[in-house]
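Number of protein chains: 2
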Amino acid sequence: MSDIRVEAASASYTVHVDRNLLASIAERTAPLARKISQVFIVTSPEIDRLWGAPVRNGFETLGKRVTTLLIPAGESHKRMTTIERLLEELAQHGADRDTLLVALGGGVLGDMTGFLAAIWMRGVPFIQVPTTLLSQVDSSVGGKTGANLAAGKNLVGAFYHPLAVFADLDTLSTLPPRELRAGLQESVKAGVIRYPQLFAFMEQNAEAIRNGELSVLQPVIEDSIRMKAEVVEADERESGLRMILNFGHTVGHAIEAATGYKQLLHGEAIGWGMIAAVRLAQSRNLLDEATATRITKLVHAFGPLPPFEAEAQHLVTLTGSDKKKRSGTLSFILPTSIGTVDIVRDVTEAELLTAVETMLAEMRTANAVTA
Amino acid sequence: MSDIRVEAASASYTVHVDRNLLASIAERTAPLARKISQVFIVTSPEIDRLWGAPVRNGFETLGKRVTTLLIPAGESHKRMTTIERLLEELAQHGADRDTLLVALGGGVLGDMTGFLAAIWMRGVPFIQVPTTLLSQVDSSVGGKTGANLAAGKNLVGAFYHPLAVFADLDTLSTLPPRELRAGLQESVKAGVIRYPQLFAFMEQNAEAIRNGELSVLQPVIEDSIRMKAEVVEADERESGLRMILNFGHTVGHAIEAATGYKQLLHGEAIGWGMIAAVRLAQSRNLLDEATATRITKLVHAFGPLPPFEAEAQHLVTLTGSDKKKRSGTLSFILPTSIGTVDIVRDVTEAELLTAVETMLAEMRTANAVTA
Chain A
1 MSDIRVEAAS
11 ASYTVHVDRN
21 LLASIAERTA
31 PLARKISQVF
41 IVTSPEIDRL
51 WGAPVRNGFE
61 TLGKRVTTLL
71 IPAGESHKRM
81 TTIERLLEEL
91 AQHGADRDTL
101 LVALGGGVLG
111 DMTGFLAAIW
121 MRGVPFIQVP
131 TTLLSQVDSS
141 VGGKTGANLA
151 AGKNLVGAFY
161 HPLAVFADLD
171 TLSTLPPREL
181 RAGLQESVKA
191 GVIRYPQLFA
201 FMEQNAEAIR
211 NGELSVLQPV
221 IEDSIRMKAE
231 VVEADERESG
241 LRMILNFGHT
251 VGHAIEAATG
261 YKQLLHGEAI
271 GWGMIAAVRL
281 AQSRNLLDEA
291 TATRITKLVH
301 AFGPLPPFEA
311 EAQHLVTLTG
321 SDKKKRSGTL
331 SFILPTSIGT
341 VDIVRDVTEA
351 ELLTAVETML
361 AEMRTANAVT
371 A
Chain B
1 MSDIRVEAAS
11 ASYTVHVDRN
21 LLASIAERTA
31 PLARKISQVF
41 IVTSPEIDRL
51 WGAPVRNGFE
61 TLGKRVTTLL
71 IPAGESHKRM
81 TTIERLLEEL
91 AQHGADRDTL
101 LVALGGGVLG
111 DMTGFLAAIW
121 MRGVPFIQVP
131 TTLLSQVDSS
141 VGGKTGANLA
151 AGKNLVGAFY
161 HPLAVFADLD
171 TLSTLPPREL
181 RAGLQESVKA
191 GVIRYPQLFA
201 FMEQNAEAIR
211 NGELSVLQPV
221 IEDSIRMKAE
231 VVEADERESG
241 LRMILNFGHT
251 VGHAIEAATG
261 YKQLLHGEAI
271 GWGMIAAVRL
281 AQSRNLLDEA
291 TATRITKLVH
301 AFGPLPPFEA
311 EAQHLVTLTG
321 SDKKKRSGTL
331 SFILPTSIGT
341 VDIVRDVTEA
351 ELLTAVETML
361 AEMRTANAVT
371 A
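Here the protein sequences line up with chains A and B, keeping their order.
For the first sequence, counting from 1, position 271 maps to 271 in the UniProt record's numbering; every step adds exactly one.
For the second sequence, counting from 1, position 294 maps to 294 in the UniProt record's numbering; every step adds exactly one.
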C-alpha cells in the first residue's frame, strides 16, 4: 500500500491507495475530524449496492448514525438542482456542523459531494472514496469541487479539500473495462506533462495495465496521484503550474460539449484532445516526430478511442467558451518532450483549426480502416 | 471618514466608512484586484435606481464593461434558484475568472452576491457596498455569505471575504426610518456583548441616532464595525468567540421563522430575542435588574418593536432547528454586564420557555397600553 501526502496551501491530507480499504475507512477517518455527529454517504444506487455496506458498517460500528443519499449515475445529474435537493435532505435528516460527508463513487459524485460539503452550513468535513480509475488518479485529489451549469461544465464550485482520500483498488474490479481504459488517459497525461518514468512504465506494460492487473496498475495509480499532489502543492488555485494539468483538456472539453457529454467518456475525449495538442505542438516545432508518435501511440494503446461526428470549426468555437480562456487569449499546454510542457498563450484560431482538422482526419482514417 | 481594517485568518481588507464614497469605489478597488476583466453589479431595481449610477460610472470611466444583474428585494428571493439564475446570467455575459462582482444593497443582496462570488468558477473577487444600516454595521463584514433553504435560513453558504467594503453614509438618507431603527438593534447588541462605551454613547444620544443624524450615527456605525472586525479576527469560522455575535439571535431567528420572515424586520426580531436572552440571564442570576433594565430600555429606544402572534412553546421548538444548536445541547449567549457575556451551553427547554413567556407577556402588556 501507499500513503501519499498532499500538502496544499489551505489543507494537508493523505491519499491511501490499497486493496481492502473500505472496511477500515471509519476508524481511519474518526481521528481526523474534531467530532462526527452523523455520517452521510453520498453515492449512486449501483455503487451503493456493490460497495456501500463495508463503509456504512464501519461507521455504524463506531456508533455513528449513517444515512445514504443517492444520486443517479451520470453527468446529467451534476447540476444545481441536485445540489439543492441534497442540501434539503441534509436539513431534513438534522445534519449539523459536525456532519461528515462521504463521497463514494466516481468523479461526478466526488465533485458534487465535495461541493455539498463546502457549502452546507458554510463547510463541513468530507472524505473521498473514489471507485473509478479516473476519480482515483485525478478528480479525488486537488480540492476541485463543483457542478455544471446549462452554460457549461464545472462553472460553479469551490476549492475544498477532503480530510482524506481512500482509493480502494478492489473497487476497480467491478469497473467496466472501457471506463478503466478511459481513466488511464489521465495517467498518460501525467506521464507526458511531468513523469517520464511513468510514461515509460506504461509503454512497457501497456497490455497488463489495460487488463487491469493490479501489480502494474497500482504503481500507475500511485504515480499519477503523486504527480497531481506535487502540482497542487505548488499551485493550489490554478494561477500557474496547475494549468499544466489541462493538457488535452481544452479540445477534450470541446469534444465532450459537441457530443452532448454522452457519446465519449471524459478520458476518451481527453485522449483525442491530447492528440490535437500534440499536432499543435508539432506545427510549432515544439515536439519532434518520434516523441509525438510515442505519445499518440500510448494514447491509442488505452483505446479504442470512439470516433465521433463534429466539424473542426465547431470544436474550435467551443474551445472559446472554455473557462480556461482568459480574457481573449487562447492558452494551450503543449508537450516539448516526454515529461515537459510549455504554456503557450498566443495560439490563434487558425492554428488550432489546423491541429483539430489533423486529429479529425486521423480519426476518420483509423475508423475507415477498422470499419 | 474611517478606514477600519479586518485582518481575518484567510483575508485582510478595509471597511471604508464615509459620505460620498460611491463615485470613488472603482478607483479604490482597481488596485486590489489582480486584474478586472469586467464588472457585474448585483442589486435590486430600487437600489439601482437610487445609487447604481455613480458606481457604474466609476467602473466605466476605468474602461470596464459593467453589467447590472437585478434581484427583487426581499428575503424570499434569497434562494438557490436565484443563485442558479445569476450563475447562468454570468455565463451568458461571458464572465470569467477575472470578473469582479459588486454587492450593492442590503444584507440579502450582500449575502447572495458574496456566495455567488465564492462559487462562480470556484471563486472570483467581489466588493461589498452596503446601503442599509443593518448591512453596514453587521452583514457586510465578516465573510459570511449564503442563501436560505426551504428548511431554514442561511443553511447554505461559504466563508468568503470581499476585497473591500464601502459603507457610504449618504445611502442611509433613502432608507425607511423603520429599517434604520431596526438596524440599530445590531449596534445595541455590539454594545452589550463587547463595547460598553458604544452602549453608553447610544443611551446618551438615542434620540439623535434614531433620527439618523450623521454626527452621532457615524461613530455608532464605526464602533459596531470595529467590534465585529475584532471578533472575526479572533475567530473567523465561528468555532469560539464569534458565537457571541449570536446574542439575541437564537430566539430572534425563531420569531422570524414563526412569522414567516415577513412581519418583522431582522433587527426587530433580534430586539425581541435580546429581551428574551436578558430574561434568561436574569433567571440564572447572571445579570442584575438595573443592567437588565438598561438593556431592554435601549432596545425599546430604537423601537417600536412590532408585536406578533406566536405561542411560546412554538418559538422554543423552532430554536431547536436553529443551526447554532450543536448535537443536542442548547447554547445561549447571555449578558453578565454591559460589555460582557457568557456562553451558556446547558439551557433547558423549560428555562427557555419561561424566558420566552416573560418576553411575550411584556410584549402583550406594552401592546395593550399603546393599543
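Source of the hints: derived by calculation from the structure; they are not laboratory data.
Just so you know, these numbers come straight off a predicted model, no measurement behind them.
Treat each hint with caution, since some may be false.
[Stated by the list, open to error] Here are the simulated DSBU-like cross-link-like pairs (lysine-lysine), alpha carbons at most 30 Å apart as the crow flies:
#1 Lys262/A - Lys297/A
#2 Lys153/A - Lys262/B
#3 Lys64/B - Lys35/B
#4 Lys153/B - Lys262/B
#5 Lys153/B - Lys64/B
#6 Lys35/A - Lys64/A
#7 Lys35/A - Lys153/B
#8 Lys153/A - Lys64/B
#9 Lys64/A - Lys35/B
#10 Lys153/B - Lys153/A
[What the hints assert, rightly or not] Residues from chain A shown here face chain B by an in silico Cβ test under 10 Å; the list is partial:
#11 Thr145
#12 Ala158
#13 Gly212
#14 Glu213
#15 Leu241
Don't be surprised by glycine CBs; every beta carbon is placed ideally from N, CA and C.
Results for each hint:
1. Lys262/A - Lys297/A: Status holds; Cα separation ~25 Å.
2. Lys153/A - Lys262/B: violated (37 Å)
3. Lys64/B - Lys35/B: holds (11 Å)
4. Lys153/B - Lys262/B: Measuring from Cα to Cα gives roughly 13 Å; hence the hint holds.
5. Lys153/B - Lys64/B: Violated, because 35 Å separates the two Cα atoms, which is more than 30 Å.
6. Lys35/A - Lys64/A: Holds: Lys35/A and Lys64/A sit about 11 Å apart, inside 30 Å.
7. Lys35/A - Lys153/B: Given that 30 Å is the threshold and the Cα spacing comes to 24 Å, the pair holds.
8. Lys153/A - Lys64/B: Answer holds: Lys153/A to Lys64/B is near 27 Å, not above 30 Å.
9. Lys64/A - Lys35/B: violated (47 Å)
10. Lys153/B - Lys153/A: holds (29 Å)
11. Thr145: holds (8 Å)
12. Ala158: holds (6 Å)
13. Gly212: violated (33 Å)
14. Glu213: violated (37 Å)
15. Leu241: It is violated, given that the least Cβ distance between Leu241/A and chain B is near 16 Å, above 10 Å.
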